[in-house]
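Colleague: Residues per chain, in single letters:
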Amino acid sequence: MALDKATVAHIAILARIKATDQELDHLVGELSKILAWVEQLGEVDTENVAPMTGVAGMKLPRRQDVVTERESVDTVLANAPASARGFFSVPKVLE
Amino acid sequence: MTTIQGKTGEWEVVIGLEIHAQVISAAKLFSGAPTDFGAEANTQVSFVDAAMPGMLPVINEFCVEQAVRTGLGLKAEINLYSVFDRKNYFYPDLPAGYQISQYQQPIVGKGTVYLDLPNGETRAVGITRLHLEQDAGKSLHDQHPDLTYVDLNRCGIALMEIVSEPDLRSAEEAGVYLRKLRSILRYLGTCDGNMEQGSLRCDANVSVRRPGEDYGTRSEIKNVNSIRFVQQAIEYEARRQIELREEGGTVAQETRLFDSRKGVTRLMRTKEEAHDYRYFPDPDLLPLILDKEWVEKIKAGLPELPDEKKARFMADYGLSAYDAGVLVAERETADYYEAVVGGGGGEDRRDPKLVANWVINELFGQLSKAGKSINDIPPERFAGLIDLVVEEKVSARSAKEVLTVMLVTGKDAARIVAEKGLEQVSDAGAIEAAVDRVLTDQADEVAAYKAGKEKLFGFLMGQVMRATQGKASPKLVNEVLRKKLGGK
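Heads up: the sequence lines are chains A and D, in that order.
Per the numbering used here, the very first residue in the first sequence carries number 1; after that it's consecutive.
Per the numbering used here, the very first residue in the second sequence carries number 1; after that it's consecutive.
Just chain A, same shape as in the assembly:
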């Protein structure tokens, strides 16, 4: 499946990636090739094969309803690019 430029521009917006017009032209080719490569999987006949949901052959691990993690604010915010007064802080969001 070949993507058109408008679709790639839309994907760029959804992914919050700024792409110039020139870059878009390039990305159209790149993404289309990736899709074409993945689409080879379509050649396999999976008519009577159940969807594979994992390769580990295990069940979904579960936890008990017990509080096991109480991190301090400082620990939680330690890696935040910006924080203030115990909050993560980001450029103002307008709604």
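Treat the hints loosely; a few may be bogus.
Quick list of in silico lysine-lysine cross-link-like pairs, DSBU-like style, CA-CA up to 30 Å [as the list claims (entries may be wrong)]:
no., chain 1, residue 1, chain 2, residue 2
1, D, K87, A, K59
2, D, K75, D, K110
3, A, K59, D, K292
4, D, K87, A, K5
Under 7 Å between C-beta atoms, here's a sample of chain A residues computed to sit facing chain D [claimed, not checked]:
no., residue
5, G42
6, L60
7, V73
8, V76
9, G86
10, F88
11, S89
Rather than coming from a laboratory, the hints here were simulated on the basis of the structure.
Where a beta carbon is used, it is the ideal one built from N, C-alpha and C, also for glycine.
Since the structure of chain A is provided, determine the placement of chain D on it from the hints.
Modeller: Okay, now just chain D, sitting in the frame of chain A:
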């Protein structure tokens, strides 16, 4: 059919509700962080919730149990095989850039909620599905001129999204549905239903159509945090759409916000393309497979739910549908009522209708006036008052006064009656004296009564009650008065 009159004819409003109900659990859906409401910002955040690289979600088994319990309470199909998907969107209070949710294979399928409408009808409302997902954090936009602050305490708490079919036809019905759903959730103990604190939130899908037409285009109203506001938002939105269409316009499928101060809905500025969520199965989580026996065990442990309790109250206690409905709306109220009736439903129980009457009309009224709750008056104490009424030791009128004092002082009924001298006068001599006095004082009315104005009996009766400060036994007064007036 409920319709709204427009300028060019009648319109039918079609409503479906999406409820987000926070699951009652100690820890979050996929992490071991606590879920306490109102904690200091960012003190309930694990590295999973903060989406630190390399952290993996592990599902909280109890949250799954709560979702199954809720599904069973909604008489819904439980899907033994369900899948968690990533719903992708960017927002600062969603640090992973995606919400773990369920898309095509939710844990709970179709169910039904029954509504008791004010006109006495019962209406079945379809539940489309219930799925488990993570809550997002909270953004604070008003703390700084150029910054938004983010608190991740709520991030990762388990939510049940409960979607109804477009079966509701008026704002009023939407209110009844919300109250009923909240009641069921509280009975089940799966969500506290507190809309003010945001543990129950509602989005409303609203469209209008001419009676008999197919569904019209709907708009979705987000962010409504009380039942009253949901109703206001629906009323406003239905009117807006009707006016739009009557003026030749078309309704756009869009997301709107309800402004509770102005009572209007307005278009969200967010671009529509932001709703391209690109769901895909979360590779960090295997499918959720439930054991049939485990589900059966949860089913066996379900409490008696409002509908069943209401039916039992009507059958066993002989209550009207209305009274039973009022009493079962909250589990605590129903339990309280049964505690007052007492006797384990056997011979020793108090008169169920009398108790219902006193609980609904007098106790609830006085409690709300005093800003108190049933927790402030143990059922045994209230039952003590009922007993005095039944034994005719205090008149109904005085009993109301006793209740008022009881709510303030916490004293027993008998003691209040003794202290205030409110014992019912059942002494025939005293009552006869009072009746004689009234008959002498009201000679004109007595003459009129004897001449045929029989309505005056009530007036004379009232005069005697007043003369005895309401303490006389009404039954005795009635008897004596009739006798003295010539046995009419």
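Colleague: Can you list which hints this structure breaks, lowest number first?
Modeller: When the structure is compared with the hints, only number 5 turns out to be violated.
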